[in-house]
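> All chains should be modelled from the sequences, with the hints used to inform the complete structure.
Residue numbers (the working numbering): 1 to 291.
Hints are computed from structural coordinates only; laboratory data are not their basis.
For every residue, glycine included, the Cβ atom is placed at its ideal position computed from N, Cα and C.
Keep in mind that a hint or two might mislead.
Lysine-lysine pairs mimicking DSSO-like chemistry, simulated, CA-CA at most 27 Å apart [claimed, not checked]: (1) Lys165 <-> Lys9; (2) Lys102 <-> Lys189; (3) Lys108 <-> Lys165.
Just the calculated beta-carbon pair ranges, DEER-fashion [said to hold, decoys possible]: (4) Asp226 <-> Glu83: 50 to 58 Å; (5) Thr141 <-> Glu58: 22 to 30 Å; (6) Glu244 <-> Ala10: 20 to 28 Å; (7) Gly231 <-> Glu106: 20 to 28 Å; (8) Arg51 <-> Ala10: 19 to 27 Å; (9) Leu287 <-> Gly161: 26 to 34 Å.
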Amino acid sequence: MSANIIDGKAISAQIRQELSQEASEVIQSGVTPGLATILVGEDPASQVYVRNKTNACEKVGIYSRQHTLPENTSEEELLGLIEELNNDPKIHGILTQLPLPKQINENKVLNAISPDKDVDGFHPVNIGRMSVVKNFEDMKTQRLFLPCTPAGCIELLDRSGIELKGARAVVVGRSNIVGKPVALLLLSKNATVTICHSWTKDLPAVVREADVVVAAIGKPKFVTADMVKPGAAVIDVGINRTSEGLVGDVDFDEVSKVAGAITPVPGGVGPMTITMLLGNTVKSAKLTMNQ
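Structure (structure tokens):
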């Protein structure tokens, strides 16, 4: 068999069309969704990522403001800027590009962003809100912002017609950014969820039981064909730079011969992350209108 390819670019484009219409309606009501991005230093990859976010905002109709700070910016200066943006009514979302220089405590910075403008979905308040809401559809309507990459994984599965209710889902990886929150979201879709990590006994056997596999462990081609149940859906969150180019956490060529559906790398989960960020920003603007 050959797996259906879950096209993240196509699904992302579809969602952005929907967001463009939604943003237009918000603007007609007198509020322009606004996103502020903060980049400290001159990391080339971060510069490209922030530029992509700015371009995406423009296409959807979101007002974008970029703050580029020197590498030697102090933690106090950065926290001061965040406080200004927290109090700026034109800004509905604040994103601080990681990694930050070593003199700045990342957790302190992320926690300084108002939970109501935390469109990355990393603030403990938003994670807490997410953990106590049982149903995924309720999460989308309530005052909370879902972490962008995990939310993108769920949208890929939903829009590809993959049934999660009652499915056995295995998440490979337990990071705060992807592994833990995507497990919560899968639970909210009524899947039965197992999280695997470096201490999991006979990890391949556990993964082989899954109807849905989310690979987010940060190891190139870690998930191999013999670890995947025939017909399973495989979401590859990994982005690893190797001598052969960008590869995921899944051995795509071999696993695609076994799986029922699979995301490629690049072109799978990646495009969804910025799209979910745009969605959170539009949602934040709408919530402001309803205050």
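> Each hint should be assessed against the structure and marked as holding or not.
Taking the hints in turn, this is what the structure says about them:
no. : hint                          : verdict
1   : Lys165 <-> Lys9               : 25 Å, holds
2   : Lys102 <-> Lys189             : 39 Å, violated
3   : Lys108 <-> Lys165             : 37 Å, violated
4   : Asp226 <-> Glu83: 50 to 58 Å  : 52 Å, holds
5   : Thr141 <-> Glu58: 22 to 30 Å  : 27 Å, holds
6   : Glu244 <-> Ala10: 20 to 28 Å  : 25 Å, holds
7   : Gly231 <-> Glu106: 20 to 28 Å : 40 Å, violated
8   : Arg51 <-> Ala10: 19 to 27 Å   : 22 Å, holds
9   : Leu287 <-> Gly161: 26 to 34 Å : 30 Å, holds
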